[in-house]
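Protein sequence lines correspond, in order, to chains U and W.
Mapping of the first sequence onto full-length UniProt numbering: residues 1 to 431, in sequence order.
Mapping of the second sequence onto full-length UniProt numbering: residues 1 to 431, in sequence order.
Simulated from the structure, these hints should not be mistaken for laboratory data.
It should be emphasised that the depicted structure is a prediction, and the values quoted were computed from it without experimental measurement.
Treat the hints with care, since some could be wrong.
Copies of the same chain look alike in the list, so a pair counts if it works inside one copy or between any two.
[Stated by the list, open to error] 20 Å max Cα-Cα, derived EDC-like pairs, lysine to aspartate or glutamate: (1) Lys221 - Glu261; (2) Lys248 - Glu346; (3) Lys248 - Glu370; (4) Lys221 - Asp178; (5) Lys248 - Glu353; (6) Lys241 - Glu198; (7) Lys373 - Glu345; (8) Lys376 - Glu224; (9) Lys199 - Asp280; (10) Lys11 - Glu52; (11) Lys248 - Glu345; (12) Lys304 - Glu3; (13) Lys373 - Asp324.
Protein chains: 2
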Amino acid sequence: MPEYLSTAPVKGTRDFLPAEMSVRTQVFGHLYEVLERYGFLRYDGPVLEPAEIYERKSGQEIADQQLYTLTTRGGERLALRPEMTPSVARMIAGHAKSLSFPVRWYSHPNCHRYERPQRGRVREHWQINADIFGSESANCEIEMFELIHDLMGALGASPDLFAVRVNDRNLLSSALTDVAGVAPELLPQVFALVDRWEKTPVEDLAAAGAEIGLADKEFEKLSETLGAGAALLDELPAEVKAESNLVKVLSSSAASLVRYEPLIVRGLAYYTSTVFEVFDTSPKNRRALFGGGRYADLASLFTKERIPGIGFGMGDVTLIDFLDTHGLTPQPRNEVDVMVIPVAEELADPAREVAASLRKAGLRTSTPLELRKLGKELTRADKAGAAAVVIVGEEDWAAGAVTVRSLATREQRQVPLAEVAAAVNGLISPS
Amino acid sequence: MPEYLSTAPVKGTRDFLPAEMSVRTQVFGHLYEVLERYGFLRYDGPVLEPAEIYERKSGQEIADQQLYTLTTRGGERLALRPEMTPSVARMIAGHAKSLSFPVRWYSHPNCHRYERPQRGRVREHWQINADIFGSESANCEIEMFELIHDLMGALGASPDLFAVRVNDRNLLSSALTDVAGVAPELLPQVFALVDRWEKTPVEDLAAAGAEIGLADKEFEKLSETLGAGAALLDELPAEVKAESNLVKVLSSSAASLVRYEPLIVRGLAYYTSTVFEVFDTSPKNRRALFGGGRYADLASLFTKERIPGIGFGMGDVTLIDFLDTHGLTPQPRNEVDVMVIPVAEELADPAREVAASLRKAGLRTSTPLELRKLGKELTRADKAGAAAVVIVGEEDWAAGAVTVRSLATREQRQVPLAEVAAAVNGLISPS
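Just chain U, same shape as in the assembly (with noise of 0.2 Å):
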């Protein structure tokens, strides 16, 4: 007996079937819609890098355990990219003289991390990536929130639904130095506390504060100052808050679109300013669905030239388990509109000239591929989803017409030929 492989995809990789993949299609399909609503340009890149262009930027964590690497016969060190934005910085580099910024750019790769399966968390995913490069305006944070508010609504999310958090890290340094008394020499920890600060326990907190040295009141006075929520916003020197585009936008018609929410930090490293992420607001489902920030110099690796930045990457994975938990994700697509069935082998050249006709029509239109009951070929109609099917029989064809059936009320009439494509469209009922 032969050793069969596993159909399994590899772990923590998926397979999308037709069903899964219509959905999939669908919800990125209004993405890129209302994406292209605001006037952003769709671009790609390869799904290998060279390896360095992670290590020496994108922090530690991903470079050292979390990326798929390989060395070729030629002896280059490539990876398989962990995210876009290393990427997009590449190509707003190398094309910087030729654009006239600020450009916003979309794109929709699939990205791989070497990562403990878990909820949420796989291997591979397809992550909608934006970003506006060129322009250090507040008008590019105001354009964003709009942007998330218009994408969510695409996918049928209520604002009821999810709450876009935001913070400035330069708030956050400001509010742990000259609020909570945090010495700058422990910033870089603090903010690492901080990033983890809602998702662990108190006692957790209290311990790695002591760890990094804060004394027992000094915590006190941090987890006091973090807890302010928007309060602590008039806390914080004013010649601070006239440099923080997120002050302005709070002070703009813009300020209902966010929450302001000291505790944000999002952990990627080259964010140096504004930072946010989209929450799901629903008690069963309390987490960030996705998140974004802006960047001072986006391309430094790359070119002298400083290209600052602004944009979000959005993963499938959350994404459609936030639309599954709200009754959100749409149905697959039906699969054919039409089945066109000869009842004899000798008709196969007519079916098949009048599925050509009703393409030509664009109707999404099958032929059986081998003759079998016309019973069981509407069984299958009716499973595929199809609105109607053509019968092709002997006599009909002989006077020029055919029989089409509606597969909702089981009535079926005699057509003429050049009718037939009107008579299907007639039963397809508008989605």
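Since the structure of chain U is provided, determine the placement of chain W on it from the hints.
Showing chain W alone in chain U's frame:
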């Protein structure tokens, strides 16, 4: 001075900037549409697969020289898929019980081969894969050939620009043994020779023939047999032809879609009968654009169930090269339909409001993120291919209006807020 990393993509891979991406999206969008009109359902799978699914099946050439492989920290030996067929075989085998065969599936994966970069060859390419699984009927062949003609038609290729050249490996075996008198044990080597036939000077073919043991006379007879073209069919034994789907196609109404060509082999190991390739017939670009074939047992690595199939793969490089050669490549889409320009910073909020209403009407709309001179913004709007700009000025706004300007005619007029979308729509030429 810091050392900057290269901004070029890894050798053999490509960046798709927005203009190139727009071409790719349009071209493949047309193909998706045609495929779906034929009832093909889209699926997708992981970039990473177990290396052994290629090493056991795909022929040594790929496995030894062209496969990108890596070993994970967990010890799995993985490969970047070089083609989609083994992946889809795995999926079909894994879900065979719940599928109603025959099924029509298509995908559009990126595939990786470590090849020497040359014209039409890259290391990562995007490939449409379309297959019918679970039927041995010649109707599958006919549908594939109809589909190919419609795909090419959707790209603007008139039927004189290409030919679908077809063969059946069983007919070729019979031609070689029964007509040309090749010894059966030499068939594998002679197949390999035939596969190179059209690209190799005749002296080299003769030398290769001699090397595998063909006497001059035998090589001459082989040469004559293969050169017979369609006439060769008459010389083949009736019982061989009776078993051939291709012969059925050639005697059906679909015969006009294809051209029988005894020289077609298509190197890949898993084809077992019908093989075909789409050939560019223009004198300056004579070569195969893409091809496919039938396999008697697709998923034998994964299941004891015998699943026949027929399909093809269509790569983006060759395809877009073909379109370029014939002037059929679509223009990149214009970047936005309309730009909304506030004449002063204080009018940024009103401009955003106008932009939001235009987006609701489905218009691709952008606003400048930084305030610049109106003239500069008009130039930018022109460059972005906008049909109109909407100028938000103080007096207009106070009167509940804005100015709508056509970029084609440079005419402008005041428009009440409620009518802006209609006014802009009126300036967009149907495309």
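Hint check results:
1. For the identical chains of this complex, Lys221 and Glu261 are intra-copy neighbours only, at 17 Å inside a copy versus 83 Å across copies, given an alpha-carbon limit of 20 Å.
2. Taking the shortest alpha-carbon separations for Lys248 and Glu346, only the inter-copy value of 13 Å comes in at or below 20 Å, while the best intra-copy value is 74 Å.
3. Proximity of Lys248 and Glu370 under a CA criterion of 20 Å is satisfied inter-copy only: 14 Å between copies versus 67 Å inside one chain copy.
4. With identical chains, the CA atoms of Lys221 and Asp178 are at most 20 Å apart within one copy only, with a shortest distance of 12 Å there and 93 Å across copies.
5. Proximity of Lys248 to Glu353 under the C-alpha cut-off of 20 Å is restricted to the inter-copy arrangement: shortest distance 18 Å between copies versus 64 Å within a copy.
6. Taking the closest pair of Cα atoms, Lys241 and Glu198 never come within 20 Å of each other, the shortest separation being 25 Å inside a single copy and 73 Å across copies.
7. When the C-alpha separation of Lys373 and Glu345 is checked against a cutoff of 20 Å, the pair qualifies only within one copy, where the shortest distance is 12 Å, while the shortest distance between copies is 71 Å.
8. With identical chains, the CA atoms of Lys376 and Glu224 are never at most 20 Å apart, being 70 Å at best within one copy and 50 Å at best between copies.
9. In this assembly of identical chains, the alpha carbons of Lys199 and Asp280 lie at most 20 Å apart only when taken from the same copy (15 Å versus 60 Å across copies).
10. Taking the shortest Cα distances, Lys11 and Glu52 sit within 20 Å of each other only across copies (15 Å), while inside one copy they are farther apart (26 Å).
11. Proximity of Lys248 to Glu345 under the C-alpha cut-off of 20 Å is restricted to the inter-copy arrangement: shortest distance 13 Å between copies versus 73 Å within a copy.
12. Taking identical chains as interchangeable, the C-alpha atoms of Lys304 and Glu3 lie at most 20 Å apart only when they sit on different chains, with a minimum of 10 Å there against 57 Å within one chain.
13. When the C-alpha separation of Lys373 and Asp324 is checked against a cutoff of 20 Å, the pair qualifies neither within a copy, at 39 Å, nor between copies, at 47 Å.
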